[in-house]
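Please take these sequences and the hints and turn them into a complete structure.
For the record, the sequence lines run as chains D and Z.
Just so you know, the numbering used here puts 285 at position 285 of the first sequence, and the rest follows in order with no gaps.
Just so you know, the numbering used here puts 380 at position 380 of the second sequence, and the rest follows in order with no gaps.
Bear in mind the hints are in silico, worked out from the structure with no lab data behind them.
Quantities reported herein were computed from a predicted structural model and do not represent experimental measurements.
You may find that some hints are simply not true.
[Said to hold, decoys possible] Cβ-Cβ distance ranges computed for the label pairs, FRET-style: (1) D:D269 to Z:V251: 41 to 51 angstroms; (2) Z:V251 to D:G397: 28 to 38 angstroms; (3) D:D269 to Z:T174: 14 to 24 angstroms; (4) D:P367 to Z:W80: 55 to 65 angstroms; (5) Z:L141 to D:P367: 36 to 46 angstroms; (6) Z:T174 to D:R346: 19 to 29 angstroms.
Just so it is clear, CB atoms sit at the ideal spot from N, CA and C, and this is done for glycine as well.
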Amino acid sequence: MPDGPVLELKGITKRFPGVLANDQVDFDLLPGEVHALLGENGAGKSTLMSILYGLYHPDAGQILLHGEEVRISSPRDAIDRGVGMVHQHFMLIPVMTVAENIVLGVEPRHDGILLDHGAAHRRVRELSERFGLAVDPDARIDKITVGQQQRVEILKALYRGAEILILDEPTAVLTPQEAQELFEIIRSLVAQGKSIIFISHKLNEVLEIADRVTVLRRGKKIQTLPAAGATEESLARLMVGREVLLRIDKAPAQPGDVLLEVEDLHAQDDRGLEAVRGVSLSVRAGEIVGIAGVDGNGQTQLIEALTGLRGSTSGRVTLAGRDLTHASTHAIMHAGVGHIPEDRQRRGLVLEFNLAENLALHDFDRPPNARLGWLHPGRMIARAVKVLKEFDVRGGGPRTPARSLSGGNQQKVVVAREVDRDPRVLVAAQPTRGLDVGAIEFVHRRLVEERDEGRAVLLVSLELDEILSLSDRILVMYEGRIVGEYGPDVPEEQLGLAMLGGAPEEAAA
Amino acid sequence: MSAGEPQGPPPVTQGEQQPAGTAQRLAALQRAGGLITALITTVLAFAIGGLVVFVTTGKNPLSTYRAIFDGTGLNWFFPWVTGSERVTAAFNLQTTLVLTTALILTGLAVAFAFRCGLFNIGGQGQYMLGAIAGVWIGSSLEGIPSIVHIVLALVAGALAGALLAGIAGLLKATVGTHEVIVTIMLNWIVFWGGTYLLGLEGPLHSSNPADASVPISSDVLDSAKLHVFWGNPVLQGLHVGLFIAIGALVVYWVILNRTTLGYEVKAVGFNPEAARYGGISVARNYFLAMAISGVFAGLAGAIDILGWQFRIAVNDVQTSSIGFIGIAVALLGRNTAVGVGFAALLFGALLNGTSTRNLDPSIFDPNLADNLTLLIQGLVVLFVGADVLVLYLWGARKRLRSAPAREASA
Chain D
1 MPDGPVLELK GITKRFPGVL ANDQVDFDLL PGEVHALLGE NGAGKSTLMS
51 ILYGLYHPDA GQILLHGEEV RISSPRDAID RGVGMVHQHF MLIPVMTVAE
101 NIVLGVEPRH DGILLDHGAA HRRVRELSER FGLAVDPDAR IDKITVGQQQ
151 RVEILKALYR GAEILILDEP TAVLTPQEAQ ELFEIIRSLV AQGKSIIFIS
201 HKLNEVLEIA DRVTVLRRGK KIQTLPAAGA TEESLARLMV GREVLLRIDK
251 APAQPGDVLL EVEDLHAQDD RGLEAVRGVS LSVRAGEIVG IAGVDGNGQT
301 QLIEALTGLR GSTSGRVTLA GRDLTHASTH AIMHAGVGHI PEDRQRRGLV
351 LEFNLAENLA LHDFDRPPNA RLGWLHPGRM IARAVKVLKE FDVRGGGPRT
401 PARSLSGGNQ QKVVVAREVD RDPRVLVAAQ PTRGLDVGAI EFVHRRLVEE
451 RDEGRAVLLV SLELDEILSL SDRILVMYEG RIVGEYGPDV PEEQLGLAML
501 GGAPEEAAA
Chain Z
1 MSAGEPQGPP PVTQGEQQPA GTAQRLAALQ RAGGLITALI TTVLAFAIGG
51 LVVFVTTGKN PLSTYRAIFD GTGLNWFFPW VTGSERVTAA FNLQTTLVLT
101 TALILTGLAV AFAFRCGLFN IGGQGQYMLG AIAGVWIGSS LEGIPSIVHI
151 VLALVAGALA GALLAGIAGL LKATVGTHEV IVTIMLNWIV FWGGTYLLGL
201 EGPLHSSNPA DASVPISSDV LDSAKLHVFW GNPVLQGLHV GLFIAIGALV
251 VYWVILNRTT LGYEVKAVGF NPEAARYGGI SVARNYFLAM AISGVFAGLA
301 GAIDILGWQF RIAVNDVQTS SIGFIGIAVA LLGRNTAVGV GFAALLFGAL
351 LNGTSTRNLD PSIFDPNLAD NLTLLIQGLV VLFVGADVLV LYLWGARKRL
401 RSAPAREASA
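As structure tokens, then:
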């Protein structure tokens with residue numbers, strides 16, 4: 001049946017203790033189609049795909065491949081049936097070559113024993129040419145970019161004969177350029193008859209690449225609709241179940257005095273290479289300054305140098321005239337800097353601590369939380385009750401470990417802590433990474449409110465949309481330098497060009 | 001999100017609700033039933049130990065365990081044990097609790113470092129240096145008031161332990177040397193340093209002419225001996241060191257749960273990156289956590305000296321393993337105050353119950369007795385790490401299940 005769906009999921013139900021992860025979900029995939037699976041965090045996308053990939057067994061429902069009911073008992077089984085999955089976190093062996101990784105477990109052999117390197121190399125090359133996935137079969141995984149690693153994962157699935165490819169949030173780790181390249185690859189795969197399930201919560205990508213979109217919310221399928229004719233607004237409404245402001249409405253900035261001033265700052269990365277090469281910038285009270293740039297151009301090191309987590313080699317950082325260049329993190333935090341770190345789980349939270357303890361991370365050692373080294377957990381909890389309510393953190397109370405909150409609520413806890421300390425300067429690094437539209441809206445609204453209260457906000461983001469939507473001024477960082485300063489109405493293309501180093505040097509701020 | 005969410009960590013960048021995986025379910029189980037896991041661990045270890053007894057000696061493991069149990073003196077708590085049996089039981093229980101005292105403290109020495117993310121494998125060296133310091137102060141300073149003498153000797157032991165462990169902490173904090181390597185090396189420094197100090201030519205060698213050819217220290221003076229409050233002091237009754245150890249359990253709990261120091265130590269232990277971001281000095285806490293661990297271990301050494309050993313020989317320095325058993329105590333007690341207390345009691349009882357003195361050779365081959373302690377110890381440590389094993393078996397089961405399916409579909 002060439003024209004029937006290659007895959008049908010009918011009435012899939014999966015229950016976990018205390019939660020219905022999938023509730024009677026239907027889903028079908030046509031040959032040569034890109035079908036996007038859209039939903040907020042916790043909507044059940046991953047559960048559904050895990051069932052298809054044999055990681056879980058559904059409590060009820062059927063899986064039909066080419067019209068025939070199957071029971072998929074393991075990933076191995078799924079692969080053998082032509083279902084391949086590219087996980088968000090790659091499962092590659094860094095010290096092995098591209099070709100070795102691709103054939104791993106199903107190696108072509110000489111005489112049944114020795115790995116046939118030549119054959120492996122040849123087949124990988126054939127596949128990569130056929131589908132336009134340019135990778136060097138002999139390169140070592142740890143020497144190639146994340147985008148290339150992703151191609152290796154896709155090749156791995158193709159090598160194993162995948163006809164249906166599940167891509168789990170494939171663009172989350174990519175730069176905008178790499179994402180465009182991935183879309184080219186997807187188009188070429190589809191042109192050759194592969195069918196693709198594209199999991200995402202990025203609306204613009206879904207609209208760009210998908211033929212049809214299925215929206216899940218709280219485990220239920222809400223609707224399947226053609227991508228043509230849908231808009232970001234309509235999809236967001238289906239995902240969240242209410243109207244969502246995708247672009248924040250904000251009044252023009254009322255900039256006041258310069259609060260944060262950085263002069264010719266230099267800093268090194270962990271390998272001792274200069275990552276920040278003479279950055280100068282200033283942020284005034286009541287404005288949001290956005291730093292745009294492709295990942296790895298020194299943004300991380302700049303933020304760490306500003307917040308005392310990384311030493312600077314030269315230059316000056318002042319907060320309202322006070323020199324903080326070589327101050328400790330502790331001193332900087334208490335001088336009035338709030339910092340929303342780019343990785344909330346690695347740095348922003350102690351996941352084993354409860355929310356009250358996490359909210360006290362900067363001031364657990366001063367009144368009212370503590371006196372003379374003696375802790376008052378009761379007061380920490382009392383404060384947490386108030387803050388958690390104000391910031392609408394759901395899924396737990398003051399005594400709940402941070403680990404058990406969803407990503408969006410974890411981020412709310414971080415934002416709450418940093419804002420509640422009433423900082424003069426708020427440094428926000430990737431504040432909405434990995435969040436869904438509802439949580440993004442919350443964080444964005446909050447950042448604008450903080451601006452309007454007269455704080456200086458320095459926003460670093462890899463998401464151009466976010467930079468454009470929030471910033472009053474935009475700086476572009478490239479190879480450790482600020483290579484351009486733009487107003488909030490700059491065309492996206494011009495920013496994109498500057499992010500790739502295409503801006504004229506003299507535009508540097 | 002709604003309140004009924006599964007209690008699992010969301011993945012790093014995506015946050016998509018992950019239904020609880022095996023690891024998370026296990027973690028939840030562990031949190032919910034910390035006591036249950038410890039009990040299962042212990043029961044399993046004893047069961048396998050019993051199997052070994054049965055296979056190697058052909059004796060009934062139950063009667064062996066009965067003999068061990070009686071040897072621990074815990075039967076003293078049974079009201080039907082009377083007469084001379086009760087006298088023996090009291091004596092055995094005193095010895096068990098004397099051993100428990102030291103094990104609580106060496107267990108805490110490992111547990112405290114664990115809470116800061118450090119593995120203090122040097123409890124043995126810290127214990128021994130504490131003992132040496134204790135015997136040094138305890139056998140000198142003749143004529144000072146007893147309470148001052150005891151306090152001085154205990155403080156000397158605690159400081160000695162803190163100093164030794166502090167070296168490892170300082171090196172970790174400043175140059176990043178791994179504390180496991182450093183504490184192991186420090187153990188050997190104490191091993192050979194103690195051998196020299198107490199040796200025939202050593203500065204701490206006994207001043208008693210009778211010991212001229214024995215590598216042993218002088219005796220602790222009476223003014224430095226801990227009061228024996230239960231049993232016959234001559235026959236090694238129970239001394240007040242037990243209360244110091246119980247006090248240490250309370251201090252441990254209070255530091256961790258009611259002080260800013262404990263907050264810092266735990267934050268560093270759970271997530272050093274987040275601690276640093278929060279303004280906490282990770283290096284300072286590495287040093288402090290090791291030094292405090294050393295206080296516990298050093299105190300254990302001094303208390304053993306002042307409480308019942310009263311002197312220390314080169315042979316003791318070289319064969320003692322009370323500090324190492326502290327690792328098993330901390331593991332079994334899951335680094336909690338209550339857990340360490342009970343785990344110390346278990347191991348104290350085990351050590352005493354299997355000591356050859358208490359075992360009837362017709363029931364149990366004395367050669368195997370000591371080894372049974374080691375065996376059960378080893379099994380406990382093994383099963384404490386059993387989460388990993390269970391996970392592995394779980395994975396193996398899944399692989400087995402999927403294998404036939406693959407063949408069927410091929």
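Hints and how they fare:
Restraint check, D269 of chain D to V251 of chain Z: a C-beta distance of roughly 43 angstroms satisfies the suggested window 41 to 51 angstroms. With their beta carbons about 30 angstroms apart, V251 of chain Z and G397 of chain D fall inside the hinted range of 28 to 38 angstroms. Distance hint check: the CB atoms of D269 of chain D and T174 of chain Z are about 22 angstroms apart, consistent with the given range 14 to 24 angstroms. Taking 55 to 65 angstroms as the suggested C-beta distance range, the pair P367 of chain D and W80 of chain Z conforms, at roughly 58 angstroms.
Distance hint check: the CB atoms of L141 of chain Z and P367 of chain D are about 44 angstroms apart, consistent with the given range 36 to 46 angstroms. For T174 of chain Z and R346 of chain D, the hinted distance range of 19 to 29 angstroms is satisfied, since their beta carbons lie about 24 angstroms from each other.
Figure legend: structure checked against the earlier numbered hints; every hint is met.
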